[in-house]
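**Student:** For reference, the chains in residue letters:
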Amino acid sequence: MSIRVEHLTHIYDKGLPTEQIALEDINFAVEDGELLGVIGHTGSGKSTLLQHLNGLLKPDAGRVIVGDVDITALGVSMVEIRKRIGLVFQYPEYQLFEETVAKDVAFGPKNLGLSDSEIEERVREAIELVGLDYEEIRERSPFELSGGQKRRVAIAGVVAMRPEVLILDEPTAGLDPKAHHDVLDMVQEVHRRTGNIIILVSHNMADIARVSDKIIVIDSGHLVTTGTPREVFSQKELLRGVGLDLPPITEFTETLREKGMELPSTILDTREAALAIAKALREKRTKG
Amino acid sequence: MEKIIKVQNVSFAYSREEGSEPVKAIDGISFEIEAGSFTAIIGKNGSGKSTLAKNLNGLLLPTEGDILVADYNTKDDAHIWDVRQTAGMVFQNPDNQLVSAIVEDDVAFGPENLGVDPQEIRQRVDQALEAVNMGQFKNKAPHLLSGGQKQRIAIAGVVAMKPRCIIFDEPTAMLDPKGRKEIMAIIDELHREGITVVLITHFMEEAVRADRVMIMHEGKILLDGTPAEVFSQGALIKSVNLDVPPIVELADELRAVGISVPDEIITEEEMVAYVCQYE
Amino acid sequence: MIRDITLGQFYPGNSWVHKLDPRVKIIATLLFLIELFIVNDFLGFAIAAVVLGVIIAVSKVPLSFIVRGLKPILILLLFTFALNIFMINGEVLWSWGFLHITREGIRTAIFMAVRLILLIIGSSMLTLCTRPLSLTDGIERLLSPFKKIGLPAHEIAMMMTIALRFIPTLLDETDKIMKAQQARGADFESGSVIRRAKSLIPILVPLFVSAFRIAQDLAMAMEARCYRGGEHRTRMHEMKLKGRDYAAIVMQAVFLAIIIIEANFAPW
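Sequence lines, in order, name chains S, C and Y.
Using my numbering, count along the first sequence one by one with no gaps and you end on 288.
Using my numbering, count along the second sequence one by one with no gaps and you end on 279.
Using my numbering, count along the third sequence one by one with no gaps and you end on 268.
It should be emphasised that the hints constitute simulated quantities derived from the structure, not laboratory data.
Cβ atoms here follow ideal geometry from the backbone N, Cα and C, with glycine treated the same way.
Careful, some of the hints might be misleading.
[Claimed, not checked] Pairwise CB distance ranges (calculated): (1) S77(S) - I75(Y): 43 to 49 Å; (2) S77(S) - L61(C): 39 to 45 Å; (3) T9(S) - N139(C): 30 to 36 Å; (4) D71(C) - A219(Y): 26 to 32 Å; (5) I65(S) - D126(C): 38 to 44 Å; (6) L43(Y) - P118(C): 44 to 50 Å.
[Said to hold, decoys possible] Simulated pairs of lysine-lysine, PhoX-like, Cα-Cα distance not exceeding 20 Å: (7) K178(S) - K220(C); (8) K14(S) - K58(S); (9) K236(S) - K138(C); (10) K19(Y) - K138(C); (11) K150(S) - K179(Y); (12) K179(Y) - K58(S); (13) K103(S) - K19(Y).
[To be verified] Covered stretches of chain Y, going by a simulated chain C footprint (3 or more residues, C-beta under 8 Å): (14) 26–37; (15) 154–167.
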């Protein structure tokens, strides 16, 4: 199942003096099973784009086709859309409300009208999938958990709806290093186990470089470029121009290259960088 | 050199429900902070760093031991306001620190509490807003600003109280990269102007800019030294679930493939210099 | 959408009206509202409208801004209008089935509508030309004499300041929570009244939790900035009655007199 976004345009306050183009003529596709990274500065329109993908917003022009359903067409039921596409907002732990973790995670499946036994199964599955211990955590109050645990429970709440597409808006925002790693690992694990499309929005370029199959770059409502991590992060002038950084290790190796060192371009991970630098240094030594 | 903050055998326990053991968030630590220095305190959530921050300006009082701020004991009721005026604090959530619906009124809040003369408050507010580059926003409503801008207003509000020391409790945790850079630039500037900076953070690239780094773990101080001394202990740092700065990560990998990078190399500039001069 | 609430918003400016002491403005607004109810004919309203017009002109607040403040009550206006037009008995001018429009009905409808409009615009002028903190400071000062009988004037004013500051924040928060729960399939629109009321729990609980968290954080921040109640606090914006304030007080008195005279003695 794939997603196609065609000529998507959204205008806030149309006709009023405060009219603003949030998105203009966005076109891209996500293939079955891909993990798509979305990057762009704050205010670039990323959040607006995400809300179109799960039907919360309707476009002024263009369409969004998920699988074989045009979710922007008239008459498409919200239930249908929610079954297919799950959206986890920023700081999702702020939406927790139930007395127990199990009840909170069950909220989504309940709204889908499933049977009690089906709901329980999904809740168990979702909680395990996000790396928490079902028996240990199910009766606890969500409000007494740690920040990282709350975050995972909130994500489980969406995963429990078994969406075919999972969209995560900055799932690691505000977390300490360990929780950050855990959540990122969890995203990869969910991707691996379900094989579904995952769309990940993040400001952390190292994370995006590490986990994405494909990346799209949004700037001021426009899609500026798309490609594999290596393709996108090789365009450093373009990225700088839209206020984005490269992953720290890439910044560093590019600085070395600018100073004349012979290194491959766009190195995305630390081990690769170490090997390339060691090689270049040894060659320099033998030459010199 | 004057020690502006003295922490003496401090422990802090949050009281729990009846019958259960109180949990010690801080467990018998002692250290002193020099006036004018820049100290970074790192630790994962639950390490006690936030609890420590709130003890430094008397929002919490130690269950054991004493904390002296410019020689005022935080437990001394009569001088608690002197403590808080000497050691200002900026918190993590930019929104939840702003009291007033108009920027300049919020910056004036602190000086107004101190009973400062109205004319002088006006001056201080204007200067503080200039210091954080937010002068042109003085009549705007805070809820229309970005996270980084709001945090700058919060800093201005503290600066207007003319503290000698500012404690920053994870000031960039909720900001995007742009906001983080803005705030770190202001913190650097304030430090240059002579304000003692205590920065609580879990971002390593922020901690490397400090004169001194302390790592907290389970209520105790695990490591305490210059950034070079502390970050060279990569294995220990990782064992307490913290990250090392990206360059230290690279240095480790380089050593693993036979390039003996010296321990002191922890910043990009240093690494670039080392690599370029490698023979 | 939610940010569009012009009613109650401050429009920064340097006009004479902006610079008046907030206490003078608060009392002037209260008097104006009372005067609108003393008025019993259109001449009275005309006088009030002229005075209001002058104030608007002096304040330099754009008319479009002020008119926008009427949007929320447009429905109320139309409803009142319709009610009065059809319900008042008298000389019938037009009828259709059991609906009749009378001359008195038209007169009353216009009368009430004009009063409502002047009321809204009059009170809007207060909030448009007075910064929120000045407003609450003004209220605090006006209520201070009552501190002697135990009224916590400063605390009331501080609560109002904080409430005004956080209303937009809480509205944003509500919006975010609603969207998050909708993404999990929550439905706030369909079903019986009871069902819809229950569907609000996933919004209200997180909202309350958020509000408590904000309150805790804010309390800490206020203490860290040496807040210790109203004693010995100074204000950046001083409240001293100046020449223009006394002039305004005299003008208010004159206006009040004119209105009372017009209402009781003018031939109409």
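**Student:** Determine for every hint whether it applies to the structure shown.
**Tutor:** Now the hints, each set against the structure:
1. S77(S) - I75(Y): 43 to 49 Å: violated, 31 Å
2. S77(S) - L61(C): 39 to 45 Å: violated, 58 Å
3. T9(S) - N139(C): 30 to 36 Å: holds, 35 Å
4. D71(C) - A219(Y): 26 to 32 Å: This hint holds: roughly 27 Å between Cβ atoms.
5. I65(S) - D126(C): 38 to 44 Å: violated, 55 Å
6. L43(Y) - P118(C): 44 to 50 Å: Given range 44 to 50 Å: holds, Cβ gap about 45 Å.
7. K178(S) - K220(C): holds, 19 Å
8. K14(S) - K58(S): holds, 13 Å
9. K236(S) - K138(C): violated, 36 Å
10. K19(Y) - K138(C): It holds: about 17 Å lies between the C-alpha atoms, which stays within 20 Å.
11. K150(S) - K179(Y): Holds, at about 18 Å.
12. K179(Y) - K58(S): holds, 14 Å
13. K103(S) - K19(Y): violated, 56 Å
14. 26–37: violated (count 0)
15. 154–167: holds (count 4)
Checked against the numbered hints above, the structure breaks hints 1, 2, 5, 9, 13, 14 and satisfies the rest.
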